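**Student:** Generate coordinates for the entire structure from the input sequences, incorporating the hints supplied.
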Amino acid sequence: MEYAMLGKTGLRISRMGFGGIPIQKTDAQVTRALMEELVAHGVNYIDTARGYTVSEAYLGEALCGLRDRFVLATKSMARTKEAMARDIETSLANLRTDHIDLYQVHNPSLKELEQVCAPGGALEALLEAKAAGRIGHIGVTAHMAAVFERALTLPWVETVMFPYNIVETQGEALMKRAHEQGVGFICMKPLAGGALEDAALAMRFIAQNPDVSVVIPGMCDVREVRQNIDAFENTAPLTQAELAQIETIRKELGTQFCRRCNYCQPCTAGISMSGIFVLEGYLNRYGLGDWAKQRYAAMAKKAGDCVGCGVCETRCPYQLPIREMLRRCKAEFGA
Numbered sequence: 026m027e028y029a030m031l032g033k034t035g036l037r038i039s040r041m042g043f044g045g046i047p048i049q050k051t052d053a054q055v056t057r058a059l060m061e062e063l064v065a066h067g068v069n070y071i072d073t074a075r076g077y078t079v080s081e082a083y084l085g086e087a088l089c090g091l092r093d094r095f096v097l098a099t100k101s102m103a104r105t106k107e108a109m110a111r112d113i114e115t116s117l118a119n120l121r122t123d124h125i126d127l128y129q130v131h132n133p134s135l136k137e138l139e140q141v142c143a144p145g146g147a148l149e150a151l152l153e154a155k156a157a158g159r160i161g162h163i164g165v166t167a168h169m170a171a172v173f174e175r176a177l178t179l180p181w182v183e184t185v186m187f188p189y190n191i192v193e194t195q196g197e198a199l200m201k202r203a204h205e206q207g208v209g210f211i212c213m214k215p216l217a218g219g220a221l222e223d224a225a226l227a228m229r230f231i232a233q234n235p236d237v238s239v240v241i242p243g244m245c246d247v248r249e250v251r252q253n254i255d256a257f258e259n260t261a262p263l264t265q266a267e268l269a270q271i272e273t274i275r276k277e278l279g280t281q282f283c284r285r286c287n288y289c290q291p292c293t294a295g296i297s298m299s300g301i302f303v304l305e306g307y308l309n310r311y312g313l314g315d316w317a318k319q320r321y322a323a324m325a326k327k328a329g330d331c332v333g334c335g336v337c338e339t340r341c342p343y344q345l346p347i348r349e350m351l352r353r354c355k356a357e358f359g360a
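The sequence shown stops at residue 360 when you use our numbering, and every number in between is there.
It is possible that some hints are incorrect.
Unchecked claim - With a Cα cut of at most 35 Å, we get these calculated DSBU-like pairs of lysine-lysine:
no.: 1; residue 1: 326; residue 2: 355
no.: 2; residue 1: 136; residue 2: 201
no.: 3; residue 1: 136; residue 2: 50
no.: 4; residue 1: 33; residue 2: 136
What the hints assert, rightly or not - Each pair of labels, with its calculated beta carbon distance range:
no.: 5; residue 1: 222; residue 2: 262; range: 40 to 48 Å
no.: 6; residue 1: 136; residue 2: 67; range: 14 to 22 Å
no.: 7; residue 1: 65; residue 2: 114; range: 27 to 35 Å
no.: 8; residue 1: 259; residue 2: 156; range: 37 to 45 Å
no.: 9; residue 1: 178; residue 2: 325; range: 27 to 35 Å
no.: 10; residue 1: 114; residue 2: 225; range: 39 to 47 Å
None of these hints come from the bench; they were simulated from the model. Given the structure is predicted, the values throughout are model-derived calculations rather than measurements. Heads up, the beta-carbon is just placed ideally off N, CA and C, and yes, glycines get one too.
**Tutor:** Have a look at this one:
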């Protein structure tokens, strides 16, 4: 296993980590087996979140006796000091630990990021927890390039998590900037939400980029752990055949995926198109239908609220048929 420093945090981590979304559909016993497999292969980075229902709790139980073998990261969507302080304590209790190595602000919009930094914002709680030794480092996760770019201007940001894969390369320039600034880059969505069928090729593509500190594929089966590790540890340069396959994948899928750039926004009806398409991915690809439906139900504006004006489609750099995609989501989610 190859290791790298996670930016300026000083944490030495395996370049392949573990994404904790899919374990929601397993149990603590399966999670324990996964943790033992990770230890056996030298994987020492785990990512989870307050929003991943039982993920933190399963990990907390599964890591008993193994906590010191891992760099543990979680995240919260809290934006105020009070809510973030509460979430930090909940995470510590769920994970059965006295410290969390990396605590991240989970997917803020630009406006929410400013709220986090403002007086009474979540950053105050994070800094207090860091000073008390309850958390070690602070990061930001993002789906929007504009948030990634803004995060790189904030001195307290030590890591950024952002999608990067064969068909989502819009963050490459910002990844390079992050590397140059000593900000760790955490690669999420390595399989584009499960849309990339050749996992080995997807992992090899990511492994070639030195700006990636760690990639966190979601895994819920020991076989997946082994397959991903085998692919990531194959450090040979991509062959001409593999490069040709990558270009074929991009041609086949490149016009069919929302890359969450949000150039389509603002929506006339106030719909978060990219947010809905992310949940559609969880509904159809991760086997987390109930989880996706719960979050969809909580959205203020749903796919069925589309008025069909088409303005979003004129802004989309990938010429996506957004209105058609929203109609599909309306049918899938039933609203």
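**Student:** Does each hint fit the structure? Answer for all of them.
**Tutor:** Consistency of the hints with the structure:
1. The straight-line distance between the Cα atoms of residue 326 and residue 355 is roughly 11 Å, inside the 35 Å bound, and the hint therefore holds.
2. Among the hinted pairs, residue 136 with residue 201 is consistent with the structure: their alpha-carbon atoms are about 25 Å apart, no more than 35 Å.
3. Restraint check for residue 136 and residue 50: satisfied, since their Cα atoms lie roughly 33 Å apart, inside the 35 Å limit.
4. For the hint pairing residue 33 with residue 136, the CA-to-CA distance comes to about 26 Å; that is within 35 Å, so the pair holds.
5. At roughly 22 Å, the beta carbons of residue 222 and residue 262 sit outside the given window of 40 to 48 Å.
6. Taking 14 to 22 Å as the suggested C-beta distance range, the pair residue 136 and residue 67 does not conform, at roughly 41 Å.
7. In this structure the supplied range 27 to 35 Å holds for residue 65 paired with residue 114, their Cβ-Cβ distance being about 32 Å.
8. A hinted range of 37 to 45 Å for the beta carbons of residue 259 and residue 156 is consistent with their spacing of about 42 Å.
9. Between residue 178 and residue 325 the C-beta distance comes to about 29 Å, which sits within the given range of 27 to 35 Å.
10. For the hinted restraint 39 to 47 Å between residue 114 and residue 225, the CB-CB distance of approximately 40 Å keeps it satisfied.
Hint violations for this structure: numbers 5, 6, all remaining hints satisfied.
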